[in-house]
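Line by line, the protein sequences are chains A and B. When we follow the working numbering, the leftmost residue of the first sequence carries the number 817, and every step to the right adds one. When we follow the working numbering, the leftmost residue of the second sequence carries the number 1236, and every step to the right adds one.
Heads up, some of the hints might be wrong.
As the list claims (entries may be wrong) - Here are the simulated SDA-like cross-link-like pairs (lysine to any residue), alpha carbons at most 20 Å apart as the crow flies:
| hint | chain 1 | residue 1 | chain 2 | residue 2 |
| --- | --- | --- | --- | --- |
| 1 | A | Lys-1092 | B | Ser-1326 |
| 2 | B | Lys-1789 | B | Ser-1735 |
| 3 | A | Lys-1092 | B | Lys-1499 |
| 4 | A | Lys-1092 | B | Arg-1358 |
| 5 | A | Lys-1092 | B | Asp-1320 |
| 6 | A | Lys-1092 | B | Glu-1314 |
| 7 | A | Lys-1092 | B | Thr-1810 |
| 8 | A | Lys-1092 | B | Leu-1375 |
| 9 | A | Lys-935 | A | Asp-908 |
| 10 | B | Lys-1499 | B | Leu-1375 |
What the hints contain is simulated information worked out from the structure, not anything from laboratory work. Computed from a predicted structure; not experimentally measured.
Here are the chains, one letter per residue:
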Amino acid sequence: MFRRLAISLLLAGAALDAGARTRPHYGGTLHVEIAGDPWERPTGVARRLVYDGLTQFDAGGALSPALAVGWEQDNNFHRWQFRLRLGVRFHDGTALTSAVVAASLATSCGSACPWDAVKAVGPLVIFTSDNPMPNLPALLASDQFLIALTGTGNGGTAAGTGPFQVTGFNNGVLSLAANENCWLGRPFADAIEIRVRRPVRDQWLDLGSGHADVVEVPAEQLRQAQQQRLSVISSPPITLVALELGDAGALANTNLRAAIAAAVDRSALYNVIFQKQGEVTASLLPQRMSGYSFLFPTERDLNKAQALRGGLAAGTLTMSADGDAAMQLAAQRIALNLRESGINVQMVPAGVRHADLMLRRFTISGNDPAAALERILWDAGQLAAVSEQSSADLYKRERTILENYRIIPLVDLPLGYASGPRVRDLRLRADGSLDLAGASLEDVR
Amino acid sequence: MSLRQKLLLLFSLTVAAAVAAVAWTVLLRIRQVFEQRDRDETALFVNQFQREFQHRSADVAAAIDRIAGQERVRNMAFELVQSGDAAPFLSEAQTLAQDARLDFLEVVGPDGNIVSSAQWPARFGYPEPAVREATRNAFLKREELADGSTALGLFAVQTVRGSEPAVKLIGGVRMDQAFLADLPVVPGMQVGLYTETNSSGGDAQDGGTFAEKHFVGPEGTMPGGAKYAGLIKAARGSGHDASGILYMTPDRADSVAATAIPLKNSAGGVLAVLTVAISRGGLVAEQQQVKATAYGVAAGGILLAIIFSLWIAARVSRPVEELARAAEEVAGGSWDARVPVRGRDEVSVLARSFNHMTEQLENQRERLVQSERVAAWRELARRLAHELKNPLFPLQLTVENLARARLLPPAEFDEVFNESTQTLSMEIGNLKKIIGRFSDFSKMPKPELERIDAKDAIARVRNLYAAAAEDGPRIEVVTKLENAAMPLMADPELLHRALSNLVLNAKDAMPEGGTVTISARNAGSNVEIRVSDTGQGMTPEECERLFTPYYTTKQHGTGLGLAIVQSVVADHAGTISVESREGQGATFVISLPRAKG
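Next comes chain A alone, as it looks inside the complex (with noise of 0.2 Å):
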């Protein structure tokens, strides 16, 4: 009877102790790391809590409801019109505006806008083009049309609706808040620390001495922190990595793009320089998406480079990489390739603009093929709307892009992270961007 009256006690406690452990708890601190900048994009830890878009990818990839709430096209996909969720609030108190939308939305791609005007009539935002936007809804709920209360901010940073603000940034950490107001609701943490411009080596020994939460994992990184047993989550694989090519000089040239094309050896940089992470490509959209990745060749020719450089003398072209150590690495790689079909290029620094060469990473987000691939081109600075539906007509869209050596995919990257042992339900958005807002911490009461 005692015995059983024992087990039945022991259970119990052990249930609610299972219990315990499976609800979240407000308050705390979170401590963040990153190597680069919490502002940079597209995958800028802050931007994604401080501000949101009218539309946004949900972690299944589909696009779901911002800060509108709804929207719909009209003639053709010449005019859209996106209806603001009300009761939205700016952390500074200021109220979501289809006008203040219409400014923010403005002022975030300047003069090479997907859309002619953007104007706000009433709580709609309404969009107009001469050229149809059949993905207006997708690119929207990029990074790049985050909406953001223009000419206020703290230090510099203007006020968003997202679920944390930024109350300061003192001794490279960059200290924000809980919104209590969010219209998403309030986050779990009280706060985020972000370190910034920590090296990854760093950011493993602070994770686990516990003087940081979540750090970051390269891709090429993945396999030796699993080796490490750290607590590791990763998207698929949803970075491009692509040369993107100019087409002045030299490389006005198609015959020079296309030798550079072919004397890229994938495989190096996808079994060494990334160790064999995400997945060579030779393609825009990747495999899991599109279906055909396959049928674009990613081994490296360098007898056809050759051939196609031929006696063209290109002088010495120049070449950046964005990014952390592992892309500038990827393009010595791709120098290096390049200068055994008689192609000489110099590295100039990532800053420099205008390189004849840049090694990029592209963000592919959502699971609809032809807005990732419209995000692709838009991303490249080549407006150009994807309308094709059907894999047939994308793979033939997709390879007449390709074929003017424009972009060269490489290599599809998947982004990863670390967490310590306090932090809970930590996840990825669908862009890779870490979703913090739902996170908590564990030792908090």
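Using the hints, position chain B against chain A.
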């Protein structure tokens, strides 16, 4: 140049030349000694430096050896060999190089391809041929870098212990500014590294070109790098050490004794040139100090020599100078000049002879004066007698006539008496006149000088004798005067008397008539007055004796006229001379000092 100056110059030059020769020999020897010391010191430092360089090579080899023995590296090699997957070790070389403080490190797999590269991480998968040919010793290699540049490095190769097939490590340190800065150098030593590549990848036989930008020292571009160009080119061209002294500035102290050491790869090609330069500042300063001392001693010697020469020259030349001075005095008429007689040398004999000679001269002059005085008295007496004898003879005849006339009748006596008294009066007058002339000559007055113009004095004489000339033979008096003023400080009466005498003489020389020309002109600082006649002229003998008192060429002259003229001219600090040829007249030339102002 005086004898003393000549002697001084001769002695000084002789002594100075001797001192200079000694100083030059000493300085030459000093320079040789210092240069030898310089070479020895440089060789010592270069040897020290080369040993240090070899130590660095050994350090590199040891560092690679230590890495090859690490457990971590051995595990890596094992996994690499077992799995054949090089990807996990991509950044291994960077970590190992950082820990070992190496600039270059590459892990090379069994296939000879790079697994991991610290200096060029993107180079994985490419072959590294250097691991095949290298030995355990460190060697030089030019390494390509990601930015397209190359860097010179001191490399070593080692096989990871226990790896089969062999996994190798090749690594080293960059030979650059930092490498040089890390080398121990003694004060005053300066090291540099020239690392220019050329198209052939090796050394050019002629040393190739020199670009200063490729020549670095521990603190950046080598200061005065261009000065090393010759040595570096020589070392590159020959493949052997080249040494020399380089003057960095015109200041000799700012020079270095430099040695260029070619650094070669395993094939013997020159990849770079290391320069070791030792400052010669201290050495030159020491040398200059010794030189300054030598110069000081030499200068002092020369100065002493000059002083000694002065004393010698004075001692030798003083008796000669005294002799010369005394001789000049004798020549000037001071026959009583004597020179002191010192010692018993040849100069003292000469001095004694000189003194004896002047004594003899003085005695002879005294005797000559006495004899001349007697002759003069005799001449005077003769003249006086001659002059007095002429009037005395008529006087005697007249007195005798008068005495005889006493016997005549009174009427005739009266006539004779009257004639005799007239004759007596006339002859007595002649006697007075003769005596007056002698008296005048003996009482020449002292001139009272005043400023006059020579033209006025000449005009006065011309006016006087132009009127008087009408009475006698036809004599024309002509004057030729310069327009410019001819001022004189003169006694106008005495000058008039002198000129009048000359004009009278000229008239006397032309009994048949003729022309007397009086001319005057400025001649430098003098005024020259010329009185010319067109008479018969004089012989040279007559001209010589013309101004001798009591000498005359006239039948009834006293011989005192021209003597008076000469006396007047002499009293006015002037000179008088005569120019004459027989049958062509005579010209008396008076030259008087021109008055100043």
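_Hint check: A:Lys-1092 vs B:Leu-1375, CA-CA at most 20 Å. Holds or violated?_
violated (37 Å)
*Are A:Lys-1092 and B:Glu-1314 close enough, with their CA atoms no more than 20 Å apart?*
Holds, at about 17 Å.
*asked:* Run the distance test for A:Lys-935 versus A:Asp-908: straight-line Cα separation, threshold 20 Å.
replied: Violated, because 23 Å separates the two Cα atoms, which is more than 20 Å.
*Does the structure keep A:Lys-1092 and B:Thr-1810 at a Cα separation of 20 Å or less?*
Given pair A:Lys-1092, B:Thr-1810 is violated - Cα atoms ~135 Å apart, limit 20 Å.
*CA of B:Lys-1499 to CA of B:Leu-1375, is that 20 Å or under?*
Holds, at roughly 7 Å.
*Holds or violated: are the alpha carbons of B:Lys-1789 and B:Ser-1735 at most 20 Å from each other?*
holds (17 Å)
*Would you check the hint for A:Lys-1092 and B:Lys-1499, treating anything up to 20 Å between C-alpha atoms as holding?*
violated (42 Å)
*Restraint status (C-alpha distance of A:Lys-1092 to B:Ser-1326 at most 20 Å)*: Given pair A:Lys-1092, B:Ser-1326 holds - Cα atoms ~15 Å apart, limit 20 Å.
*Does A:Lys-1092 pair with B:Asp-1320 here, judged by a C-alpha cut-off of 20 Å?*
At roughly 11 Å apart (the allowed maximum being 20 Å), B:Asp-1320 and A:Lys-1092 satisfy the hint.
*Holds or violated: A:Lys-1092 to B:Arg-1358, with C-alpha atoms at most 20 Å apart*: Roughly 18 Å separates the two Cα atoms, so the pair holds.
In this structure, the earlier hints numbered 3, 7, 8, 9 are contradicted, and the remaining ones agree with it.
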